[in-house]
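If you want the building blocks of each chain, they are given just below.
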Amino acid sequence: MIPAKFDYVRPSSVADAVNALADAGDDAKVIAGGQSLLPLLRLRLAYPALLVDVGGLTELGGVRDNGGELVIGARTTHYQLVHDPLIAEHCGLLAEAASTVADPAVRHRGTLGGSLAHADPAGDLPAVVVALGGTMVATGPNGERQIPAGDFFVDYLTTSLGPSEILTSVRVPKFGKDWGYRYEKFHRTAQAWAIVGVAALARRSNGQVAEARVGLTNMGPVPVRAAAVEAAAAGAAASAEAMTAAAAGAAEGTNPPADLHGAPDYRRHLARVLTGRALEAAAGV
Amino acid sequence: MELEHSFTVPVPVERAWDVLLDVERVAPCMPGATLDSVEGDNIAGRIKVKVGPITMTYAGTAKFTERDAAARAMTLEASGKETRGAGTASATVRSELTAADDETHVRVRTSLNVTGRPAQFGRGVMADVGGKLVGIFADNLASMLAAEPAAAPDEAEDSDETDIAGNGAESRAADSDEALPIDVLNLPVRAWNGLRRNGIQTLGDLIKRTPEQLLAIENIGPASVAEIGRRLADRGLGLAGSETAAAPAGPEEEVAPAASAREIAAEKVAANGGAPARHAKTPTEAQPPPQAQPATREPVSWQPQDDAIDLLGVAGLPVLKRALPAAAALIALILVFLGVRRRRSRSR
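Line order of the protein sequences matches chains A and B. Under the working numbering, the first sequence has 23 at position 23, and the numbering climbs by one with no breaks. Under the working numbering, the second sequence has 176 at position 176, and the numbering climbs by one with no breaks.
With the rest of the complex left out, here is chain A (with noise of 0.2 Å):
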């Protein structure tokens, strides 16, 4: 399918694009890699007048020490990511989590920024930021913003950005050695959306898991924390069966949704496995 007509701007700052976004209203969309958008356009799903390409921004591009954290700019590519050594060393969740984006094509293109902006229920990253406990940067005509990312996604497909209102970086917090993670997905063929996603983190201390964090993608239509596991994991045995009990609340609060791969009770019954299997993996059993 061909998209329904557009018009183009690359422009060489983000002032720039800030104002071409502005200036188009409602109507205007960004795009970065184009790996969400371009389906919805070619699905003709979505119909911007106007698309701001921020592929030239440099300034929105590289991963920065910035002591207690990372800032990894939004078009920051998955590949990037997963080949980062800052971030494998800080932030190895996000790398392991970006390798299982769709396929290489994919991952080469498609940008950190973009996946959060496109807010899809179902895309990976969002849930892994959300159980970092990271926050936007974005930029608009009022100037700069930060958002907490618990704060940032809104709705299916909806986030707390403005009209006008470019995604620049993301601060991600540094997580130490002691620090375990893992993401698992569940997807019935390769490449495909994740059915549920788990992104876990668990911080062990003497054979005792003394701190958990765990995000849920595909869960509702936002990615949430999973607190009842998280509490019921801070200060379990670092022991399968302790870690089996812990995600067994997993699904407690969400609201999955029903589609041709899987019912909600179905992917409740995911969410309490994949989150057992994620917490004992972050956990070192």
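No wet-lab data here; the hints were simulated from the structure. In this text, a Cβ means the ideal position worked out from N, Cα and C, and glycines have one as well. One should not assume that every hint holds.
What follows is a set of in silico ranges between Cβ atoms, one per label pair, in the way DEER data are often shown [to be verified]: (1) B:Lys48 <-> A:Gln191: 30 to 38 Å; (2) B:Arg107 <-> A:Asn19: 46 to 54 Å; (3) A:Ala105 <-> B:Ala147: 49 to 57 Å; (4) A:Ala22 <-> B:Lys48: 17 to 25 Å; (5) B:Asp102 <-> A:Tyr8: 51 to 59 Å; (6) A:Gly284 <-> B:Pro28: 56 to 64 Å; (7) A:Gly235 <-> B:Asp101: 45 to 53 Å; (8) B:Arg107 <-> A:Lys177: 54 to 62 Å; (9) A:Gly253 <-> B:Asn113: 24 to 32 Å; (10) B:Ala73 <-> A:Arg188: 39 to 47 Å; (11) A:Ala22 <-> B:Arg84: 23 to 31 Å; (12) B:Ala73 <-> A:Asp7: 44 to 52 Å.
Within a straight-line C-alpha distance of at most 16 Å, the following computed EDC-like cross-link-like pairs (lysine to aspartate or glutamate) qualify [unchecked claim]: (13) B:Lys132 <-> A:Asp155; (14) B:Lys50 <-> A:Asp26; (15) B:Lys48 <-> A:Asp27; (16) B:Lys50 <-> A:Asp155.
Put chain B on the given structure of chain A with help from the hints.
Below, chain B alone, put in the same frame as chain A:
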């Protein structure tokens, strides 16, 4: 998928019942909904659903299939088709009203069926979206009822009057004309049928429509609209939104910013299941238009019934072409036969 919602509106049950059945007042409460026409129990309209970057517009019809005043239950069946795609959506909405002191409790059960790309792409989101739409509708309805003065049953008529009064002497002079049936315009039969089918009976009804709204009607094209405009101008009237408009638009003015005529024409083709209306060979009277068909839950009801005629029309030439070798062979056979007979007659 089945959805269930309930809400409470701060009015007695009798009034809530009347309002819920008054489509023209209830429709604006539905986010993204536009009414095209209301004719008795048949309602034609459009709904635009926006989810993040995804925009879907469905055009279709709805019909009250049940109005049980004693049990305070009503059922609305609606079905529609994507204007820019092949997807369909249909819904059966049953509302039950129960009185609770001075309030009315409304329970809405919706059975929603969505096909096509949005359904596939949506991966189950349609239930979510549908549920949210009904939720917003209920909120809007409750606030509309709460904001209204207790007794305003003739609101629609009132607003009409203010519109006319606000337009000065000229329109009052034309007032008498507005009550005339559209027959006085001597329109072509097709255009006349199209207007009548969409509930346009008098000149007053007609001048409330914009040219774009008329274009959206089956069998009315740009030429018909121009013709209607000319004949109205002869009487000092004009369509809503056009330069010659002598009267302001009625309640229908709230229709979303009208798209270009060509876009609407394209939508019209889409609404007919892709079969261009002008190819229909059968008289329109014999073919009930999709709007007139009782809405069923099957999206099949949206397939136009003159498909076969179109297919024949399109395939006629290729069929002839394919028959050409056979015809040639037949002629050759006849020639050979004649030749053989001549030789035989000679040998005799």
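Q) Regarding glycine 284 (chain A) and proline 28 (chain B), is the given constraint of 56 to 64 Å on their beta-carbon distance met? A) The hint (56 to 64 Å, Cβ to Cβ) holds, given that glycine 284 (chain A) and proline 28 (chain B) are roughly 59 Å apart.
Q: Note whether the CB distance of arginine 107 (chain B) and lysine 177 (chain A) lies within 54 to 62 Å or breaks it.
A: holds (57 Å)
Q. Holds or violated: are the alpha carbons of lysine 50 (chain B) and aspartate 155 (chain A) at most 16 Å from each other?
A. Given that 16 Å is the threshold and the Cα spacing comes to 12 Å, the pair holds.
Q: Could you check the hint for me, namely that lysine 48 (chain B) and glutamine 191 (chain A) are 30 to 38 Å apart, CB to CB?
A: The hint (30 to 38 Å, Cβ to Cβ) holds, given that lysine 48 (chain B) and glutamine 191 (chain A) are roughly 33 Å apart.
Q) Lying within 23 to 31 Å: is that true of the beta-carbon distance alanine 22 (chain A) to arginine 84 (chain B)? A) With a Cβ separation near 27 Å, alanine 22 (chain A) and arginine 84 (chain B) satisfy 23 to 31 Å, so the hint holds.
Q. If you check the beta carbons of arginine 107 (chain B) and asparagine 19 (chain A), does the distance land in 46 to 54 Å?
A. holds (50 Å)
Q) Do the beta carbons of alanine 105 (chain A) and alanine 147 (chain B) sit within 49 to 57 Å of each other? A) holds (54 Å)
(Q) Given the hinted pair lysine 132 (chain B) and aspartate 155 (chain A), is their Cα-Cα distance within 16 Å? (A) Holds, at about 11 Å.
Q: Return holds or violated for the Cβ distance of alanine 73 (chain B) and aspartate 7 (chain A) against the range 44 to 52 Å.
A: About 51 Å separates the Cβ atoms of alanine 73 (chain B) and aspartate 7 (chain A), which means 44 to 52 Å holds.
Q: Take a quick look at whether lysine 48 (chain B) and aspartate 27 (chain A) sit within 16 Å of each other, Cα to Cα.
A: Measuring from Cα to Cα gives roughly 15 Å; hence the hint holds.
**Q.** Distance restraint hint 45 to 53 Å, applied to the beta-carbon atoms of glycine 235 (chain A) and aspartate 101 (chain B)
**A.** Holds, at about 52 Å.
Q | Outcome of range test on Cβ distance (alanine 22 (chain A), lysine 48 (chain B); 17 to 25 Å) | A | For alanine 22 (chain A) and lysine 48 (chain B) the Cβ distance comes to about 24 Å; the hint holds.
Every hint from the earlier list agrees with this structure, and none is contradicted.
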